[in-house]
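Taken in sequence, the protein lines are chains G and V. Each residue of the first sequence is one higher than the one before, starting from 1 at the first, in the working numbering. Each residue of the second sequence is one higher than the one before, starting from 1 at the first, in the working numbering.
These are calculated hints, taken from the structure and not from any lab test. Bear in mind the structure is a predicted one, so any value in this text is a computation, not a measurement. One or more of the hints may lead you astray.
Unchecked claim - Label pairs and their computed distance ranges (CB to CB):
(1) G:Val236 with V:Asp137: 28 to 36 Å
(2) V:Gly170 with G:Asn192: 46 to 54 Å
(3) V:Glu225 with G:Glu77: 40 to 48 Å
(4) G:Asn210 with V:Ile59: 55 to 63 Å
(5) G:Val236 with V:Gly170: 50 to 58 Å
(6) V:Lys138 with G:Arg205: 50 to 58 Å
(7) G:Thr53 with V:Asp90: 52 to 60 Å
(8) G:Arg205 with V:Lys3: 18 to 26 Å
(9) G:Lys207 with V:Ser190: 48 to 56 Å
(10) G:Phe194 with V:Arg205: 50 to 58 Å
(11) G:Glu77 with V:Asp137: 53 to 61 Å
(12) G:Arg205 with V:Asp2: 53 to 61 Å
(13) G:Glu77 with V:Val236: 49 to 57 Å
(14) V:Lys148 with G:Trp132: 30 to 38 Å
Just so it is clear, CB atoms sit at the ideal spot from N, CA and C, and this is done for glycine as well.
Number of protein chains: 2
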Amino acid sequence: MDKKLVEVCFTPDDYEYFKGRFEIVVVIDVLRATSAICSAIDNGVSSVIPVSTLEEARILQSKGYLAGAERQGQIVEGFDFGNSPYSYMDPKLKGKDIVLSTTNGTRAINIAKDAPVVVIGSLINLETLVNWLKKQDKNVLCLCSGWKDNFNLEDTICGGAIADELIASGYFTSNEDSSVAAKYLYHSSSHNYFGFLKSSSHRRRLKKLNLNEDIKYCLTPNQVEVIPILQNDKIVPLDY
Amino acid sequence: MDKKLVEVCFTPDDYEYFKGRFEIVVVIDVLRATSAICSAIDNGVSSVIPVSTLEEARILQSKGYLAGAERQGQIVEGFDFGNSPYSYMDPKLKGKDIVLSTTNGTRAINIAKDAPVVVIGSLINLETLVNWLKKQDKNVLCLCSGWKDNFNLEDTICGGAIADELIASGYFTSNEDSSVAAKYLYHSSSHNYFGFLKSSSHRRRLKKLNLNEDIKYCLTPNQVEVIPILQNDKIVPLDY
């Protein structure tokens with residue numbers, strides 16, 4: 001059996017370089033879109049429909065869908081939720097289809113659509129996701145959503161964690177600089193994500209918006225055992 | 001005296017975000033443009049004229065200048081040198097003005113031209129440069145040249161080393177994610193740049209071209225005591 005490849009891509013802007021070489025793309029937006037999607041799926045939401053623009057979200061909302069939209073860390077006026085994971089824990093959402101548009105995360109998901117398999121990664125479903133990936137024996141790319149096409153620490157560390165675990169189980173990396181950096185940043189931070197990320201720019205951005213509870217939740221690994229997967233433009237629970 | 005700011009920018013593409021807030025920009029292209037420029041200035045070259053395009057380099061060459069040009073790690077046909085630091089150590093170059101165009105480094109220098117002061121950083125002039133920066137008491141941006149607008153490890157580590165030293169001497173960082181990552185990557189690598197970077201993609205690229213001697217030279221800190229500075233579109237030795 002040939003060894004399979006794992007790499008980390010810092011931003012959607014860099015995806016073009018990696019595109020086409022990976023059977024599985026893991027999209028990561030720790031603060032907060034992919035954490036919120038994991039929460040929603042864990043809560044029994046039927047599907048999350050990721051859309052890039054507010055216009056698309058509004059059209060679907062007008063057709064009767066519940067719709068979440070976040071820009072600059074805040075709920076966009078007229079929408080039902082933003083991307084706080086807590087909004088998606090309401091038992092009333094069980095069985096519903098929800099539309100979601102966020103600054104970075106849903107854009108990254110839509111950019112990765114060309115890949116055979118797109119799954120949703122975060123710290124809160126880390127262990128479950130990694131265990132599943134280990135069994136797939138496919139080339140895996142961790143696609144960080146970043147912040148407006150800039151590098152961000154929390155997504156990179158999550159990607160580094162996934163890469164590190166897969167490498168420990170027999171995957172290899174061709175040592176793209178982004179993958180090497182992600183691994184080292186994960187090693188530097190793994191004893192205490194919360195402390196390490198206390199200075200991250202997006203965490204400060206959210207803190208100003210009084211989103212400390214969200215941050216704590218999103219930075220606490222292994223709280224849910226779901227693997228959200230993109231199928232026919234909807235994110236649904238993978239039956240693994 | 002107010003504390004001054006130091007940040008690290010990963011690529012010329014990201015410079016727009018930082019632009020305008022820094023009195024000094026340190027341009028870094030460890031493998032190999034800024035290392036070669038430090039070598040040339042240390043060797044007594046009068047000036048290095050950085051140009052972005054091969055066309056500009058050819059025009060100046062036709063006017064009698066010696067001209068170096070590198071693309072994809074190799075000397076471009078028809079030019080006098082590429083960007084191997086060893087090419088610039090020839091005693092015959094003393095007192096000459098040399099034109100240089102490289103894949104990443106000279107582009108970064110030209111992008112930073114709006115800044116009040118642009119100096120050239122590398123591992124080979126690290127200590128001299130840092131000691132001078134400490135005395136300036138100005139806001140400092142470390143601008144990594146990257147590789148074709150992608151993040152690279154060696155420039156980031158050099159930027160992290162500069163930032164770390166300045167912070168230790170009283171500068172502050174507003175903790176942009178790139179600066180935090182650069183500091184941690186520097187800490188992870190500082191015991192052994194050569195070992196740490198053995199897997200970097202550009203090092204592998206150069207290794208394939210039999211440029212191991214260049215790599216060793218460029219990754220060995222504090223070999224020269226020059227600070228090349230951009231003045232009237234020419235890089236000249238700073239009389240510090």
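(request) Could you tell me which of the numbered hints above are not met by this structure, giving the numbers in increasing order? (result) 1, 2, 3, 6, 9, 10, 11, 12
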